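In order, the protein sequence lines correspond to chains D and R.
Reminder that position 176 of the first sequence reads as 176 in the numbering used here, one-by-one numbering, no gaps.
Reminder that position 281 of the second sequence reads as 281 in the numbering used here, one-by-one numbering, no gaps.
Treat the hints with care, as some may be off.
Stated by the list, open to error - Okay, the calculated beta carbon distance ranges per label pair: (1) ALA285/D <-> ASP22/R: 55 to 65 angstroms; (2) THR93/R <-> HIS182/D: 19 to 29 angstroms; (3) THR93/R <-> ASP286/D: 40 to 50 angstroms; (4) GLN72/D <-> GLN289/R: 54 to 64 angstroms; (5) THR93/R <-> GLY180/D: 26 to 36 angstroms.
Rather than coming from a laboratory, the hints here were simulated on the basis of the structure.
Computed from a predicted structure; not experimentally measured.
Note that beta-carbon positions come from the ideal geometry of N, C-alpha and C, so glycine has one too.
What follows is the residue order along each chain.
2 protein chains.
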Amino acid sequence: MSLLVVGSVALDSVTTPLASGDEVLGGSASFFRWWPSLITPVRLVAVVGEDFPAEHIELLRSRGVDLEGLQQAPGRTFRWRGRYLPNFVDRETLDTQLNVFEHFHPRLPARWRDSRYVFLGNIDPQLQLDVLQQVQRPALVGCDTMNFWLREPCLAALKQVLRHTGVLFLNDEEARLLSGQHSLVKAAAAIRLLGVEHVVIKRGDAGAMLFDEGGPFWAPAFPLEHVVDPTGAGDCFAGGFMAYLAHTGDLGLANIRRAMVFGSATASFAVEDFSVDRFRSVTRADLTQRCAEFARLVHFEPVQL
Amino acid sequence: MSLLVVGSVALDSVTTPLASGDEVLGGSASFFRWWPSLITPVRLVAVVGEDFPAEHIELLRSRGVDLEGLQQAPGRTFRWRGRYLPNFVDRETLDTQLNVFEHFHPRLPARWRDSRYVFLGNIDPQLQLDVLQQVQRPALVGCDTMNFWLREPCLAALKQVLRHTGVLFLNDEEARLLSGQHSLVKAAAAIRLLGVEHVVIKRGDAGAMLFDEGGPFWAPAFPLEHVVDPTGAGDCFAGGFMAYLAHTGDLGLANIRRAMVFGSATASFAVEDFSVDRFRSVTRADLTQRCAEFARLVHFEPVQL
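Using the sequences and the hints given, assemble the complete structure.
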């Protein structure tokens, strides 16, 4: 099944303790769209400027990303410049230029209105609502957001989005901000009351937690020898998660947990190299293999006294 | 099998965002010794001052802790005062008075020299070495430490301790400091080269990771609705871990993983109430039950594409 992805495409300039690069392929949709194409067709709705390199377009197309919804607008592409601190977790934004992204209005090609799996990347909740009005009967809506949208005047629109959201991806700080609760257990419960069926709390190098009818589930971050660039790890996680569900077409609780693990596996590859470089070599077999390693990472036999 | 515990006993004054208390039972051995007594006999080697409340002694004795190795020295008991920040993870030390602990020399009663399970709490590595010289043929030595001992002139003695250490407990910062490696995978590998068979890296509210022959294992921290006081959670983890091994007498890799889960369960109860208060009501059945909940927390079915 196709996965519709709406989000940002950017040219990132990133410095990590181990690597740096100027104007590499970035943005929430950019990281997201890449991985799903390994296991499921992707329909991308985003905007780039006139300066967006043709090679990036070609790369996406070659990976099976349908680009009919990619707008090319007069002006420059969204740019972000940031630097990671030595712990590879905290980062500082040095520069953000929205450019063409500032006036982005997602428009779905007519034939995409029947999309069953929809991922709303981290953009203005009003735009997320616009997208929801353009799709007919999605089986699952995934939504990403950030602290900026968690206060008025944006919060009201976000709450409308959440009423249609099956899976919400946010980090622990954002979960606390949205719910007013410090305990993540309580925060997730409060967010579920807003209409979200599955709350996924991303916790960086501690992994990701799922809260739904099936009780809490924790997919730790895969322990890696080499972390080169954590940029977009959260987006890759969401990408793997949504793609797994679109690919399998199974929204049962057990499969949602599998999607958590697949998302973690996806993210774990992403951070092993700079920007999207690691994507170029990873195969389906690698992903399946890492999921099996995840199973060993948390396996233990029953504890008896 | 008995578990020999050597460490500090303190009177703690702690403020957390939800509670505070003055001169409550604290110290690494204090938190440690409490839990093991639920499942295994404990032999405690520590020092307290003349001012140490008789009720604390009585409480320990009533839980089956053998106090023959508890020295009562002229002077005041070790005191620590600290405050947790709103995130319940970071804390600041406001005051430390070593008092009688400053001149502590652990002396084992003769009949304890045959102890098979030994836990060296976080004290001067030179004292940890002294203890090792007093035990005959331990089956397993567990060792806790902290950043203070990870530099010269203490480091040389610590490295001697590590050559006899089966399980080393330390946090991520300490693992990085000791190994000079940022990646925890690499850090653990370097520490294993120092002679430690099982490296346990405690990661606060992210849980604890085990690195040994069996490959990496991650026991997440149990997600709790109420965290009241995280003081001593790491000690309780180590306590549960060591007690489980002493109780079962099985040092196989699979059982070491179970001990990680039992330690996590122990710690998860500890933080639910202030100081050692939660210990008063917890039963073996509660511990077993929480271990089963841990199994559900990380359970997923095989991921296939």
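Discussion item. For a quick check of understanding: which of the numbered hints are violated here, in increasing order?
Written reply: Violated hints: none; all satisfied.
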